[in-house]
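J.: Residue numbers (the numbering used here), protein chains in the order written: chain D, 144 to 547; chain X, 144 to 547.
Simulated from the structure, these hints should not be mistaken for lab results. Note that the structure is predicted; figures quoted are calculated from it, not measured. Check each hint, because a few of them may be wrong.
As the list claims (entries may be wrong) - With a cut-off of at most 25 Å between alpha-carbon atoms, the simulated SDA-like pairs for lysine to any residue come out as follows:
#, chain 1, residue 1, chain 2, residue 2
1, D, 339, X, 179
2, D, 230, X, 339
3, X, 339, D, 543
Unchecked claim - Computed Cβ-Cβ distance ranges for the label pairs, DEER-style:
#, chain 1, residue 1, chain 2, residue 2, range
4, D, 198, X, 272, 52 to 58 Å
5, X, 429, D, 192, 53 to 59 Å
6, D, 171, X, 294, 56 to 62 Å
7, D, 509, X, 335, 48 to 54 Å
8, X, 183, D, 406, 45 to 51 Å
9, D, 270, X, 370, 45 to 51 Å
10, D, 214, X, 439, 43 to 49 Å
11, X, 215, D, 427, 48 to 54 Å
12, X, 332, D, 192, 53 to 59 Å
13, D, 406, X, 215, 32 to 38 Å
14, X, 370, D, 471, 23 to 29 Å
Yeah, the Cβ is synthetic: ideal placement off N, Cα and C, and Gly gets one too.
There are 2 protein chains.
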Amino acid sequence: MAFSFLHQLECPRCHASYDPDTQAHLCTCGSPLLVRYDLEAASKQLSKQELQRREPSLWRYHELLPVRSPENVITLGEGMTPLIPLKRLGAQLEMPNLYVKDEGVIPTGSFKARGAAVGVSRAKELGVKTLAMPTNGNAGGAWATYAARAGIEAVIVMPEGAPTITRNECAINGARLFLVNGLINDAGAIVGRGVKAHGWYEASTLKEPYRIEGKKTMGYELAEQFAWDVPDVILYPTGGGVGIIGIYKALRELQQMGWIGERLPRLVAVQATGCAPIVQAWQEGKPDSQLWPNSRTIAFGINVPKALGDFLVLEAVRNTDGCAIAISDEELLQAQSRLATTEGLFVCPEGAATLAAAEQLRASGWIKADERVVLLNTGTGLKYPDTVQVEVPLLQPQDNLPVT
Amino acid sequence: MAFSFLHQLECPRCHASYDPDTQAHLCTCGSPLLVRYDLEAASKQLSKQELQRREPSLWRYHELLPVRSPENVITLGEGMTPLIPLKRLGAQLEMPNLYVKDEGVIPTGSFKARGAAVGVSRAKELGVKTLAMPTNGNAGGAWATYAARAGIEAVIVMPEGAPTITRNECAINGARLFLVNGLINDAGAIVGRGVKAHGWYEASTLKEPYRIEGKKTMGYELAEQFAWDVPDVILYPTGGGVGIIGIYKALRELQQMGWIGERLPRLVAVQATGCAPIVQAWQEGKPDSQLWPNSRTIAFGINVPKALGDFLVLEAVRNTDGCAIAISDEELLQAQSRLATTEGLFVCPEGAATLAAAEQLRASGWIKADERVVLLNTGTGLKYPDTVQVEVPLLQPQDNLPVT
Numbered sequence: 144m145a146f147s148f149l150h151q152l153e154c155p156r157c158h159a160s161y162d163p164d165t166q167a168h169l170c171t172c173g174s175p176l177l178v179r180y181d182l183e184a185a186s187k188q189l190s191k192q193e194l195q196r197r198e199p200s201l202w203r204y205h206e207l208l209p210v211r212s213p214e215n216v217i218t219l220g221e222g223m224t225p226l227i228p229l230k231r232l233g234a235q236l237e238m239p240n241l242y243v244k245d246e247g248v249i250p251t252g253s254f255k256a257r258g259a260a261v262g263v264s265r266a267k268e269l270g271v272k273t274l275a276m277p278t279n280g281n282a283g284g285a286w287a288t289y290a291a292r293a294g295i296e297a298v299i300v301m302p303e304g305a306p307t308i309t310r311n312e313c314a315i316n317g318a319r320l321f322l323v324n325g326l327i328n329d330a331g332a333i334v335g336r337g338v339k340a341h342g343w344y345e346a347s348t349l350k351e352p353y354r355i356e357g358k359k360t361m362g363y364e365l366a367e368q369f370a371w372d373v374p375d376v377i378l379y380p381t382g383g384g385v386g387i388i389g390i391y392k393a394l395r396e397l398q399q400m401g402w403i404g405e406r407l408p409r410l411v412a413v414q415a416t417g418c419a420p421i422v423q424a425w426q427e428g429k430p431d432s433q434l435w436p437n438s439r440t441i442a443f444g445i446n447v448p449k450a451l452g453d454f455l456v457l458e459a460v461r462n463t464d465g466c467a468i469a470i471s472d473e474e475l476l477q478a479q480s481r482l483a484t485t486e487g488l489f490v491c492p493e494g495a496a497t498l499a500a501a502e503q504l505r506a507s508g509w510i511k512a513d514e515r516v517v518l519l520n521t522g523t524g525l526k527y528p529d530t531v532q533v534e535v536p537l538l539q540p541q542d543n544l545p546v547t
Numbered sequence: 144m145a146f147s148f149l150h151q152l153e154c155p156r157c158h159a160s161y162d163p164d165t166q167a168h169l170c171t172c173g174s175p176l177l178v179r180y181d182l183e184a185a186s187k188q189l190s191k192q193e194l195q196r197r198e199p200s201l202w203r204y205h206e207l208l209p210v211r212s213p214e215n216v217i218t219l220g221e222g223m224t225p226l227i228p229l230k231r232l233g234a235q236l237e238m239p240n241l242y243v244k245d246e247g248v249i250p251t252g253s254f255k256a257r258g259a260a261v262g263v264s265r266a267k268e269l270g271v272k273t274l275a276m277p278t279n280g281n282a283g284g285a286w287a288t289y290a291a292r293a294g295i296e297a298v299i300v301m302p303e304g305a306p307t308i309t310r311n312e313c314a315i316n317g318a319r320l321f322l323v324n325g326l327i328n329d330a331g332a333i334v335g336r337g338v339k340a341h342g343w344y345e346a347s348t349l350k351e352p353y354r355i356e357g358k359k360t361m362g363y364e365l366a367e368q369f370a371w372d373v374p375d376v377i378l379y380p381t382g383g384g385v386g387i388i389g390i391y392k393a394l395r396e397l398q399q400m401g402w403i404g405e406r407l408p409r410l411v412a413v414q415a416t417g418c419a420p421i422v423q424a425w426q427e428g429k430p431d432s433q434l435w436p437n438s439r440t441i442a443f444g445i446n447v448p449k450a451l452g453d454f455l456v457l458e459a460v461r462n463t464d465g466c467a468i469a470i471s472d473e474e475l476l477q478a479q480s481r482l483a484t485t486e487g488l489f490v491c492p493e494g495a496a497t498l499a500a501a502e503q504l505r506a507s508g509w510i511k512a513d514e515r516v517v518l519l520n521t522g523t524g525l526k527y528p529d530t531v532q533v534e535v536p537l538l539q540p541q542d543n544l545p546v547t
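Isolated chain D (complex conformation) (with noise of 0.2 Å):
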């Protein structure tokens, strides 16, 4: 009985191969790798029966996790995140298969913890003592949730515009932070001196190859909780582009074990229209994106200039007939207020685009009313209180209050 079947790393555009228990970052051709494993192996252990006995996390699919040892696991509950039905906003949008899967319910409130709990656990077995990163806020707060866990030190830039709640994640956790006067790509190329300069880990966005092993497991979640029946579409907020290649990878893997068929679902890319690069490479036909000058978006976690990982998202969105897609920050902050009145759902204005989106594409047809279609909302809208303006009435201990 094997923890891990993980076999190797590969790189997806020279498919060169590297030994998966050193450390690794990028290919030399400069490109991300993906881990690769021995999944007739795995498929011949693990089985959907065995499936519904284990603990509702992502390490339910440990076999399919780049792991070896149970002791380095690091762990705080992860996965198995609720896929909720939206009867009634369905109902109005006339897309009465709707549903949201929720990543505000993990821990950090975000969907980066999938990332950070599977990243973090590989380097604590790799002998990491020290990585660091740049974040748009959510993935720093994971990653220094989870190292302050494995007892491992991290380092974090963010710009200085990240949400306020991040830094003190990053802060409470007894990470090393730093702000930046600027985006994401500034961050990142202060922590690529700093990785040169002093030897850490380097847990960039795709830079390390177990991220997105973490991020995959809600593509496995969500084809268990369709019973293995994949749904027609999912949409999914698009900025460094992790979740996306993760899901499809997930769906590829379990094509290639058997457990799911021929069909997948058509995955749509959801930006922002102040930062679309993904979706004017989609538009124009390109294989890869172009850098997105003074990009700007209140959907922070997507404000990405220019993702490292953006063919591979190109090639998901092309390979499942999907499509990409801009929404505005007007449109989302709609989204997000109209998802809360109707559903009960406080999502982050991100998860809140994916919502316009369906209404949009619903709207042209290329959405059918019959066709199951879901939202993924990456993370909880508590860490986003700017997005709500209220303005409440001050009573005193002796007032009414009034009828309506």
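Take the given structure of chain D and dock chain X to it, following the hints.
T.: Only chain X this time, still in chain D's reference frame:
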């Protein structure tokens, strides 16, 4: 096959019984009412094996919950929160079997979601159109959330000093929100007058019988997560007391069903030194508490100067050979920081108080080294940004990171 084995409402003080299928609030004697089930019939239908096959939410225990019809279940996937071993902290504190049950990983980021999910579902089943309640913040956020999902109007009154983020939660979910220049008892009096004047459904703590039914599921889950061999000590931050009353009720029900043995965990009510009416009553051997004057603590959720269910809390503590203990704000902030840096858990101040309490009870010998000890963390630290003070260096894009 019954969805619920709801049998009747019963007064724990004068033992009067009430029809459960009409709206009910307090007993004519002034006591809260408790929900009773046909446990014998329930234990014939529900088995421990069957439970394993059910989804990881509190609705897995639906036979022991008051909602009669599945169509009335208002859910966001709440429940089955993680039970997290604290190995490093446990070793430091000589409690090798120390755990956190983490209610930060639940919709709305607080255990209040449990009471709201079940309470709102049952209110919907009973035909409620408008509910009203006072809150220290988190309960209001949770009830506003589930009321929005149910299509029920919510009128919420909270102290001006309650956590700001909970205002946003109420507002974005469309509740009618009011602040009061006072404490929760002042908010309660305003709501009481509003209920009388306008005929709203009174949803104050213990003034409707179903909130406790949601919260008791923490007790079911703990029993199930410990494979029906319950832990030795459970520490619970105690304000209104519904959580600890609910856990005690759940454990007694499991005993009556023969699912757990005679031994119960010792229940510890943890309060703040600035608001410790239950601790005082426990020390003085009294059956109920006195209103605590000028109450004050940073752990806002347990700033409850006089709880309606105080006698039930004291009963739960006494009947399980438990105790009550007060923690200073300084101690709980230290504990909050220690949980984060050592275990990667960013808990709310109320939850942090349980660690400080466990430490003191271990030092005094009240907790033995080999005992299995559970800290109940009632919510995520993300909702309390002000408890973390951060000063972060600001870099320019051309700057380099220092070594240490």
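J.: Give a verdict on every hint.
T.: Right, here's what the structure says about each hint:
For the proposed pair residue 339 (chain D) and residue 179 (chain X), the alpha carbon gap of about 65 Å is over 25 Å, so the pair is violated. This hinted pair does not check out: residue 230 (chain D) and residue 339 (chain X) have alpha carbons roughly 34 Å apart, beyond 25 Å. With a CA separation close to 11 Å, the supplied pair residue 339 (chain X) and residue 543 (chain D) stays within the 25 Å bound. For residue 198 (chain D) paired with residue 272 (chain X), a C-beta distance near 40 Å fails the hint of 52 to 58 Å.
For residue 429 (chain X) paired with residue 192 (chain D), a C-beta distance near 55 Å keeps the hint of 53 to 59 Å intact. Separated by about 58 Å at the C-beta atoms, residue 171 (chain D) and residue 294 (chain X) satisfy the suggested range of 56 to 62 Å. In this structure, residue 509 (chain D) and residue 335 (chain X) meet the distance hint of 48 to 54 Å, their C-beta atoms being roughly 53 Å apart. Taking the beta carbon of each, residue 183 (chain X) and residue 406 (chain D) are about 48 Å apart, inside 45 to 51 Å as hinted.
In this structure the supplied range 45 to 51 Å is violated for residue 270 (chain D) paired with residue 370 (chain X), their Cβ-Cβ distance being about 34 Å. A C-beta distance of roughly 45 Å is found between residue 214 (chain D) and residue 439 (chain X), which places it inside the suggested range of 43 to 49 Å. At about 51 Å, the beta-carbon gap between residue 215 (chain X) and residue 427 (chain D) stays in the expected band of 48 to 54 Å. Our hint of 53 to 59 Å for residue 332 (chain X) and residue 192 (chain D) holds, since their Cβ atoms are close to 56 Å apart.
Separation of residue 406 (chain D) from residue 215 (chain X) is about 35 Å and conforms to the stated range, judged on CB atoms against 32 to 38 Å. Taking 23 to 29 Å as the suggested C-beta distance range, the pair residue 370 (chain X) and residue 471 (chain D) does not conform, at roughly 52 Å.
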